[in-house]
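Asker: Okay, here's what each chain looks like letter by letter:
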Amino acid sequence: MAHTENEILEGLAEIVNEETGVATEDVKLEKSFTDDLDIDSISMMTIVVNAEEKFDVRIPDEEVKNLATVGDAVKYIAGAQN
Amino acid sequence: MSAPRSRVAVTGLGTVNPLGGDVASTWEAALAGTSTARTFDNDWKERYGLSVDFACQIVPGALDSLTRPESKKLDPSGQYAMVAARQAWADAGAPEVAPERLGVVVGTGIGGIWTTLDQWDVVRERGARRVNPYTVPMLMANSSAANISMELGARAGAHTPVSACASGSEAVALGMGMIRDGRADVVVVGGTEASIHPMTIAAFANIRALSGRVDDPQTASRPYDVDRDGFVLGEGAAILVLESEEHAAARGARVYAYASGRGMAADAHHISAPSPEGQASAIREAVEDADVAAQDIVHLNSHGTSTPLGDIGELNSVSTALGGITDQIVVSSTKSMTGHLLGGAGALESVFSVLASHHRLAPPTINIENLDPETPMRIAQDTPAELPGGDIAVLNNAFGFGGHDIAVVFTSA
Chain A
-13 MAHTENEILE
-3 GLAEIVNEET
7 GVATEDVKLE
17 KSFTDDLDID
27 SISMMTIVVN
37 AEEKFDVRIP
47 DEEVKNLATV
57 GDAVKYIAGA
67 QN
Chain B
154 MSAPRSRVAV
164 TGLGTVNPLG
174 GDVASTWEAA
184 LAGTSTARTF
194 DNDWKERYGL
204 SVDFACQIVP
214 GALDSLTRPE
224 SKKLDPSGQY
234 AMVAARQAWA
244 DAGAPEVAPE
254 RLGVVVGTGI
264 GGIWTTLDQW
274 DVVRERGARR
284 VNPYTVPMLM
294 ANSSAANISM
304 ELGARAGAHT
314 PVSACASGSE
324 AVALGMGMIR
334 DGRADVVVVG
344 GTEASIHPMT
354 IAAFANIRAL
364 SGRVDDPQTA
374 SRPYDVDRDG
384 FVLGEGAAIL
394 VLESEEHAAA
404 RGARVYAYAS
414 GRGMAADAHH
424 ISAPSPEGQA
434 SAIREAVEDA
444 DVAAQDIVHL
454 NSHGTSTPLG
464 DIGELNSVST
474 ALGGITDQIV
484 VSSTKSMTGH
494 LLGGAGALES
504 VFSVLASHHR
514 LAPPTINIEN
524 LDPETPMRIA
534 QDTPAELPGG
544 DIAVLNNAFG
554 FGGHDIAVVF
564 TSA
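First to last, the protein sequences are chains A and B.
Under my numbering, the residues of the first sequence are numbered -13 to 68, in order.
Under my numbering, the residues of the second sequence are numbered 154 to 566, in order.
Honestly, the hints are just simulated from the structure, not real lab data.
Honestly, I wouldn't trust all of these hints.
Stated by the list, open to error - Here are the simulated BS3-like cross-link-like pairs (lysine-lysine), alpha carbons at most 25 angstroms apart as the crow flies:
id : chain 1 : residue 1 : chain 2 : residue 2
1  : A       : Lys17     : A       : Lys51
2  : A       : Lys17     : B       : Lys225
3  : A       : Lys51     : A       : Lys14
4  : A       : Lys51     : A       : Lys40
5  : A       : Lys17     : A       : Lys61
6  : A       : Lys51     : A       : Lys61
7  : A       : Lys61     : A       : Lys14
8  : B       : Lys225    : A       : Lys40
9  : A       : Lys40     : A       : Lys61
10 : A       : Lys14     : B       : Lys225
11 : A       : Lys40     : A       : Lys17
12 : A       : Lys51     : B       : Lys225
To be verified - Some chain A residues well away from chain B (every beta-carbon gap over 10 angstroms; in silico):
id : residue
13 : Ala(-12)
14 : Asn(-8)
15 : Glu4
16 : Thr6
17 : Thr10
18 : Glu11
19 : Thr20
20 : Asp42
21 : Ala54
22 : Lys61
23 : Ala64
24 : Gly65
Each residue gets a CB set at the ideal place from its N, CA and C atoms; glycine is no exception.
One chain only, chain B, in its complex shape (with noise of 0.2 angstroms):
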């Protein structure tokens, strides 16, 4: 006989982002329906004629506690982990736990893109022997991973899954599993991106993912919406620290939520177009594996990425895979203020899930203007919407280029 699995607590949160760079800022500002997208204020437009020229960028000052020689071993995306992490652990109460027992999952969709394409033009303009002997460490994918487990002492695991835009949940389900394992009992788990460069905008909309309504940026990201066009590029790290109940018991840890179910599928069918089996799937597992009822599930944080395909049918996804009972849903697209975080979205909207879940409030969808008719559940438009006492469960998408579905349900505390 087996011993009965362990319930995985999250115990600290943090996060740099559009919105805020820390966890409380960042709950203010969603809660308060703030767009983040701007112009930007460089010659990005003109100088290599984007066709885009708006993004949701990091608030000023959010890497400030960096070190200089910190930053100058960093790529961008790993410093914005770096810094989530730092505050996640903090907010945890810096828990004391065996190293062997501390894991790290950290995804990211991309990397260290800006490292890539500054060295490269390093080659070209100064030569191979200008090149930052530092590069490697930089650009490589579990730069973020590696860093923290070396920041924090972390021996179980360092782990980075890469699944594009579902990378940061991917994490998350990844570091559930450490612990249900026995790996484990303090995983930190997240995901970050930074990749708000002209190639990667340039890509984007080609592949016509990218909304293009340059006239009015702040409108941009509308999920929902009859006119919504495309997502809108974000940037930034959130980073959880998961716990096992015993282990936060022990310590006497505040308890936000628990990651209580995951659900992970591919869909095997095309590279960048969604699939509703997949989605459904993974949903379904997730909310088999967390134990709860379709009606207790109150809240979702959705993928809803703003994309004229996509919003629609993850909610009809849901809609399968709860078996239509979907009527005490209220749903979220935060990326609506935040944008979208590529391979830090999962890992943010974990983050807006378990506040959720923690403070009874659903974040707000804001630029809805006119609502597609063909949505089939309750959007919480423009404010916050209040959610139930008791015990509740929060469902959170995140779907990926190539067919990454993965779905977490938080319960509360």
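Next comes chain A alone, as it looks inside the complex (with noise of 0.2 angstroms):
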């Protein structure tokens, strides 16, 4: 089953609670991981390989440089289901 783009916000928001402490209502589409929620390259990381096993998806390490934003990260898991 996909995940709708609203349910990957709400998955990715839980987890970037759980790692950073960011609240989950904090975690917007147009907010910038480094900028606005002031995470780390390691932080990203842990975001990343919780995110794959949340969404049973696979985002390679030369993609994770592109996702600059939440929003970024939700379309790039959209896509890369099925």
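Now that you have both chains on their own, put them together as the hints suggest.
Answerer: Have a look at this one:
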């Protein structure tokens, strides 16, 4: 079953909260992981590893640097499903 | 002509350990003679065939002050150290000190063993991609020193002595050196360990180091008892804030005691068996360095791990180093209550030594049913022993596998 973009955003917000303490309601599509949410590179990799497991997708390392905002990540995960 | 050496004051204390989640509750439980050894409430014994199924685990709730993201980025050993460091720093009154004049020295015997083994399980069971990206920063032995230096903004240096069960005391000794050498005005020192794991217990049991008293774990740690049969594994961290006497005085800090003398030696003898020469050499050096007379030493917080050979051997080494002047000494092995914190042991016992000097009370040694007749000194047995007023000195020893001998002398404030 593919997840909707809304479900992915919710799931991602939970992961971000769990790993970094950022409130789930602050994890919005337009937010930048580094500039707005203050997430460092190791925490970003932790989020990626958890998101891969949660949504059963693969996010290659070379793609991670393109995921500047939460919206970028949601879009990538949605497209990578199936 | 060189400037006179700074005296090193102890101005802050913090700890999480089996007796308590802070200094006050730890000291209260110690004076009450509390045993913390318990049988595990898990299936390790049946599942793995462990011959020893008990240890002294940190008190429940001791880590509640950490946020969830904080605890996810720290191995348990790093969590213990961080909580203890925050307590010690607050206890010292959060001194204002320039970052380049603030140092950290926090030792550990093993480092992040839980993280190491957990993530190896992840590799085997779920594949390499699932390994936590924080694994390396969590498992590295210097993790606690590094995280505490970041927490406090300490830039004079962050160091991690690794000398098995002497690590915590070596951190105290090296921190004294940072102040004396003029590298820092304030140094946060201590030790941590979180190694109550089936593999570690199996390994210590197979080297015949652990007590096998599975039927009565509460009395298993019994230093100086004729029937002692090994140590009981403990865990936790203790942190002390060391400060140059001038810096402490300038800000009107409360001084618990002075870290006045240190001795460090290596046995170069055997990987696990102690050597009386190395121990006596470290003790002699510490007493000379503190510039006190043997008669001034009224209390020994011993390494006393409850092993057949080690306990009496240590006391004989003390006697050798002090030229037989030991009648004034009352001995405590707090490991009878806390178990053996390995890399945290010397740090927690430094805290006990400082508190003993401050409160003029030697904590009790519990579980002695029949005192070993070879015991050459007076033991504070079952109840605390009062220490004299006036200027006094307290000796603390820590010895580690590998032949690491550390002795520290604390003097009253």
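Asker: Hints the structure violates: just list their numbers, smallest first.
Answerer: Those not satisfied are hints 15 and 16.
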